[in-house]
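Here the structure of chain A is known, so what remains is to put chain B in place on it, guided by the hints.
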Amino acid sequence: MERLVARGAEADIYLGKWGPLEAIYKVRTPKQYMIDELDKRLRRHRTAREAKMLRAARIAVNTPHVLYVSLSRYIIVMEYINGKRMLDMIDEDPTMGRVIGEMLGRLHAHDIIHGDPNTANFIFDYRRNKWYLVDFGLSFISSRNEDKAVDLHLVKEVMYVQHPARFGEIMNAFYEGYKSISEKNEEIIKKIDEIERRGRYARSRSFLF
Amino acid sequence: MTIGLGIESTAHTFGASVIDESGKILSNVKSVYVPPSGSGIHPREASRHHADEAPSVVQSALKEARVSFKDLDFIAYSAGPGLGPCLRVGATISRFISAYYNKPLVPVHHGLGHIELGSMLTSARDPLALLLSGGHTMVLSAVRGRWRVFGETLDMTIGQLIDQFGRALGLASPAGPAVEKIASKGNKYIEMPYVVKGNDLSFSGLLTSVKKMLASYPQEDIAFSLQETAFSMLAEVTERALALLRKAELLVVGGVAANRRLHEMLEAVCRRHGCEFKMVPVEYAGDCGAQIAWTGMLYFKNGFFVRPESAFVKQSWRIDEVDVPWRG
Chain A
1 MERLVARGAE ADIYLGKWGP LEAIYKVRTP KQYMIDELDK RLRRHRTARE
51 AKMLRAARIA VNTPHVLYVS LSRYIIVMEY INGKRMLDMI DEDPTMGRVI
101 GEMLGRLHAH DIIHGDPNTA NFIFDYRRNK WYLVDFGLSF ISSRNEDKAV
151 DLHLVKEVMY VQHPARFGEI MNAFYEGYKS ISEKNEEIIK KIDEIERRGR
201 YARSRSFLF
Chain B
1001 MTIGLGIEST AHTFGASVID ESGKILSNVK SVYVPPSGSG IHPREASRHH
1051 ADEAPSVVQS ALKEARVSFK DLDFIAYSAG PGLGPCLRVG ATISRFISAY
1101 YNKPLVPVHH GLGHIELGSM LTSARDPLAL LLSGGHTMVL SAVRGRWRVF
1151 GETLDMTIGQ LIDQFGRALG LASPAGPAVE KIASKGNKYI EMPYVVKGND
1201 LSFSGLLTSV KKMLASYPQE DIAFSLQETA FSMLAEVTER ALALLRKAEL
1251 LVVGGVAANR RLHEMLEAVC RRHGCEFKMV PVEYAGDCGA QIAWTGMLYF
1301 KNGFFVRPES AFVKQSWRID EVDVPWRG
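Residue numbers (this note's numbering), protein chains in the order written: chain A, 1 to 209; chain B, 1001 to 1328.
No wet-lab data here; the hints were simulated from the structure. Note that the structure is a prediction, hence the values are computed from the model and not measured. In this text, a Cβ means the ideal position worked out from N, Cα and C, and glycines have one as well. There could be a bad hint or two in this list.
To be verified - Chain A regions said to be covered by chain B (calculated; three or more residues, Cβ under 8 Å):
{"hint": "1", "stretch": "2 to 16"}
{"hint": "2", "stretch": "24 to 38"}
{"hint": "3", "stretch": "117 to 127"}
{"hint": "4", "stretch": "156 to 168"}
Excised from the complex, chain A in its bound form:
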């Protein structure tokens, strides 16, 4: 029998069995607040996209194996990664920011944008001694530096709120990790500024009157 282990914004996560294997059932449940057409369109689209991208991303990083997909029921069954989330560890060890940088760097080298790089989505499997990346529901393929830089901007935003005490250290490690993957990545990091300047009230203009 499946057991509810987490309720995210997007989906309910159950732990159950798939044959002899322990498996995660990710079920995109209806959002009561959205009208039906929009809700179904988004759930279908994201289920399909996540299944596709979980597979595609394996070329760059470790992701759970996809075992089963149902677009009509909005379910993905995937391999269970038995590990600990970075969310619960990084405040003790901010150098883990490097792992985020390296993993995003490798994804970006293959033109894969994660779209939701928060620390709950990085899981360390002690048995296999490997980092896994999960939750590809907002992920997509793009070779544009702009899209890659938005991914980095999201990291910054999330760290600032989730881990304010170690923000600086985490980000330094993150940039180092990201730069270590490709020489071109320096350019993408510079683009973060450009995106942030486009944000509301980003250019501070102040005067005495």
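The following block gives chain B in isolation, referenced to the frame of chain A:
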């Protein structure tokens, strides 16, 4: 008992309010500049309106509160972000009162004003704040003395989206209530761009597409679909933040917070995550003097104020650059 005067003049509203330290709003008077139908706010025209209205608005606020200038402990003003000419009207008057009566002057960030007034009126303690107005579309959480932005629009705000759509229909800004009314007559959903990037959102593609649709669909259905799409995006990023940050309260503030459909959606989000829904009372949702007066009170109580000669305005000013010592 400490009492203070707050003056708001960032955009179309000139407002003045007297408040005491218990949070009792003794008066909240405003006068709103209304641009001609089909056009947006003109900064110069709005500032003229403010300059004309300012003396009577301020005097009514004092009269209603039964106080005189001499009774005030401080003068707070909206120092930004906003339209330069409008900001200067409020700031100039505040500086004058401050200098003439020798009262401390407190510059206040307008967006922070929305959040802190909403927080006080709904007795929120440590909420996830959703700031929705013409100038802001942000999801925020207070951490260590700052309101930190968890997610925000990457281009235009929800208020601008609705106002610019309204303008295309020939409505005057702010067009929110009129668009809401038109949308309530629509029921056919038209597919539109839905752009959520992680915790951030983008509305500019949505605006372009609805403008194009005006030629081929009934405006009721477009307005309906626009609200459904844009509000669903807002609800989704809010839900993401609630799921991740596990806040016990959601506080919704800003002019757009008055929309009933949005209300309904966010309430449903809260139910799903076992979170308390706190919405600023509608009469205080839009720009008003009370938001500045109350936030000024918080600063004044924490010893933050300036000399009149160092008063400033900032047309562009990010909320996450502002110190909020009471949220340390």
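(request) Quick one: see if chain B covers the stretch 24 to 38 of chain A, three-plus residues with Cβ-Cβ under 8 Å. (result) As far as the stretch 24 to 38 of chain A goes, the hint holds, because 7 residues have Cβ atoms under 8 Å from chain B.
(message) For the stretch 156 to 168 of chain A, count the residues whose Cβ lies under 8 Å from any Cβ of chain B; is that count three or more?
(response) Since three or more residues must qualify, the claim that chain B covers the stretch 156 to 168 of chain A holds, with 7 doing so at under 8 Å.
(request) Closer than 8 Å, Cβ to Cβ, for at least three residues: run that test on the stretch 2 to 16 of chain A against chain B and report holds or violated. (result) holds (count 4)
(message) Please check whether the stretch 117 to 127 of chain A has three or more residues whose CB lies within less than 8 Å of a CB on chain B.
(response) Per the Cβ count (3), the hint holds.
Hint compliance for this structure: no hint is broken.
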